[in-house]
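As they're listed, the protein sequences go chains A and B.
According to the numbering used here, the first sequence is numbered sequentially starting from 15.
According to the numbering used here, the second sequence is numbered sequentially starting from 3.
Be aware that one or more of the hints could be misleading.
Calculated lysine-lysine pairs in the BS3-like style (CA-CA distance at most 30 Å, straight line) [stated by the list, open to error]:
#	chain 1	residue 1	chain 2	residue 2
1	A	K232	A	K33
2	B	K128	A	K33
3	A	K278	B	K126
4	B	K162	A	K33
5	A	K25	A	K35
6	B	K220	B	K125
7	B	K5	A	K30
8	A	K147	A	K25
9	A	K147	B	K73
10	B	K126	A	K33
Rather than coming from a laboratory, the hints here were simulated on the basis of the structure.
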Amino acid sequence: MENVKRKNPIKTAFQKLLKNKMATLCFFILLVEILMVIFAPVIAPYGYEEQDPAIRLRPGFWGIHEEEALAMGGVNPQDIYAEGHILGTDNYGRDIFSRLLYGGRISLMVGFVSTAMGLAVGVICGLLAGYYKQLDNPIMRVMDILFTFPGILLAMLIIAMFGVSTFNAMLAISIWSIPSFARMVRGRVLQLKEEDYIMATRSLGATDARILLIHILKNCLPTIIVIATMRMATSIISISTLSYLGMGVTPPMPEWGGMIAAAKEYMWQRPSMIFIPGIAVMITVICFNILGDKLRDILDPSLRD
Amino acid sequence: MRKYVLKRILMMLVLVIGMTFIVFASLYIAPGDPAELVAGVGATEEDIERVRESLGLNESFFTQYITYLKKLLKLDLGTSFTTKQPILGEILVRLPNTLNLACAAMILSIIVGIPAGIISALKKDKLVDNVLTTGAMVGISIPNFWLGTMLIYVFAVVLKLLPSGGMTHFFWTPTGFQQAILPAVALSTSTIASFTRIGRSAMLDVLQSDYIRTAKSKGLKGTTVILIHALRNAMIPLLTQLGTSFGVLLGGAIITEQVFVINGIGTYLIDAIRKYNYPVVQSTVLIIATMFILVNLIVDLVYCVVDPRIKYE
Chain A
15 MENVKRKNPI
25 KTAFQKLLKN
35 KMATLCFFIL
45 LVEILMVIFA
55 PVIAPYGYEE
65 QDPAIRLRPG
75 FWGIHEEEAL
85 AMGGVNPQDI
95 YAEGHILGTD
105 NYGRDIFSRL
115 LYGGRISLMV
125 GFVSTAMGLA
135 VGVICGLLAG
145 YYKQLDNPIM
155 RVMDILFTFP
165 GILLAMLIIA
175 MFGVSTFNAM
185 LAISIWSIPS
195 FARMVRGRVL
205 QLKEEDYIMA
215 TRSLGATDAR
225 ILLIHILKNC
235 LPTIIVIATM
245 RMATSIISIS
255 TLSYLGMGVT
265 PPMPEWGGMI
275 AAAKEYMWQR
285 PSMIFIPGIA
295 VMITVICFNI
305 LGDKLRDILD
315 PSLRD
Chain B
3 MRKYVLKRIL
13 MMLVLVIGMT
23 FIVFASLYIA
33 PGDPAELVAG
43 VGATEEDIER
53 VRESLGLNES
63 FFTQYITYLK
73 KLLKLDLGTS
83 FTTKQPILGE
93 ILVRLPNTLN
103 LACAAMILSI
113 IVGIPAGIIS
123 ALKKDKLVDN
133 VLTTGAMVGI
143 SIPNFWLGTM
153 LIYVFAVVLK
163 LLPSGGMTHF
173 FWTPTGFQQA
183 ILPAVALSTS
193 TIASFTRIGR
203 SAMLDVLQSD
213 YIRTAKSKGL
223 KGTTVILIHA
233 LRNAMIPLLT
243 QLGTSFGVLL
253 GGAIITEQVF
263 VINGIGTYLI
273 DAIRKYNYPV
283 VQSTVLIIAT
293 MFILVNLIVD
303 LVYCVVDPRI
313 KYE
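Please build the complete structure, drawing on both the sequences and the hints.
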């Protein structure tokens, strides 16, 4: 018999993804970003808590450079670029670029961990609800109830309950992601269950666990990847929103949302302090959303809104 | 028809009860002793015990939950730990501001998002479509607290055109309109974007269907086909989105209120979370979630009038 090598569908999807210019761009932006935040201690010129009161609220590279200032004569020292701080300094004289890197670490880590936790629980619930009829109603009604809390409200309730900390915010966001995974996976399982090959596998004597964990889960993978990518975007917005409200990452640990909240007071003197972290959140979220969209078109077009 | 309506209402009741259970249970297991918080600083052991007795905190979990439900039926939301005032009254003072903001944002989403989606579908793959779909992508990705802060900076601080915050009038009055415009824009970007995306794909689906081809082949004018035949059917998925979006807007209003210093229930909730004011947290979460469930019920019922097919399912 000729040995037919089956292509790995995920690998094929990835190759297709890289044919799309927009998706490739987003993928590389995220890759660079992830590497930068992982190696933040190496790349960041300063520590995130390192203060220099002499250079508070200075502009970044767009400010007036020292030699220009000398040539111009009387320049407000506040407008002079502080050497080495390419994105300027904040109200404590801390380097914004370094804080951006360390902040991104937290944002991306929280996004990743909370998506992973939500994924694990949600996928298990979805698999069980879709496969076992008697579990369908109890599990899905709980998911419906979780869905009655709009937006970030459920996360806030959880934080009200356990108190403010990075871990609790992460937990809250992951609980909030559970129903999205559960619903989509359940829907997919209901379709797959009726497929001939599943019946065939069962008639060969495969156990439920084997069918669920190997055959069905494998075929749910495209759906799961698409939702996970999109949830990453939501989770990153959520953690920065919670930090902005003072319910997520607590200072002095930098987080993009928290940096924006702290910068609000200095809007008059240094608006770039608000602008920079916001752009960072937006670029990250756009990239995840675009990747999610393209992956959906390739892997599971049925998920289209 | 009646069966469908009854079924929906019953489901709604189950959801409301389930939701009250989660709200009650989550704060029941929260660490910290409410009796100590109510009794205040410097209260003696006996004072705390008396407060605990009067609040019924010595009862079992289920007795407390049933008492809570009974009180809810009488619209008694309890009293705030900090102000000692009835919570219902405090919420009713703030709710109009939140609804004012959410409704302004909803109207903005409908008048911008839906036409954008339709235009995008009609001009598929043209420049307009690309601009609108890219815009929608940015819209769903922009954090609304950041956009709000940036809008304040540009329109209130630099240009001095609009107030930087506060909300004292309804959005249809001249002062109210000025106050509502920035928060409504900040709040509605994600819903505008989702209306555009869903409107576009709904319209594309409809335009490819057989009956549109029939209508066109009968020689009907393009605009008639689009406005009368296509639009009506493309509205159905948008209607579902309307319900979901209302929830998104209510959730988002909590944050937008913080950015624009609006005294709504979002501000009330966040303040309560910071002060461990559990009854207020419970009640505000309850009110927001109940409103969301009710809106979804209304959408479901309207759905069944608009799309009679659903009754037979």
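Hints, verified against the model:
Between K232/A and K33/A the alpha-carbon distance is near 24 Å, which keeps this suggested pair within the 30 Å criterion. A threshold of 30 Å between alpha carbons decides the hint, and for K128/B with K33/A the separation of about 21 Å falls inside it, so the pair holds. A C-alpha spacing of about 41 Å is found between K278/A and K126/B, which places the hinted pair above 30 Å, so the restraint is violated. Proximity of K162/B to K33/A is assessed by CA-CA distance (about 47 Å); at most 30 Å being required, the pair is judged violated.
Distance hint between K25/A and K35/A is fulfilled; the C-alpha atoms sit about 18 Å from each other, no more than 30 Å. Restraint check for K220/B and K125/B: satisfied, since their Cα atoms lie roughly 23 Å apart, inside the 30 Å limit. A C-alpha spacing of about 48 Å is found between K5/B and K30/A, which places the hinted pair above 30 Å, so the restraint is violated. With a CA separation close to 33 Å, the supplied pair K147/A and K25/A exceeds the 30 Å bound.
At most 30 Å may separate the alpha-carbon atoms for a hinted pair to count; K147/A and K73/B exceed this at roughly 37 Å. For the proposed pair K126/B and K33/A, the alpha carbon gap of about 22 Å is at most 30 Å, so the pair holds.
When each numbered hint is compared with the structure, violations occur for hints 3, 4, 7, 8, 9.
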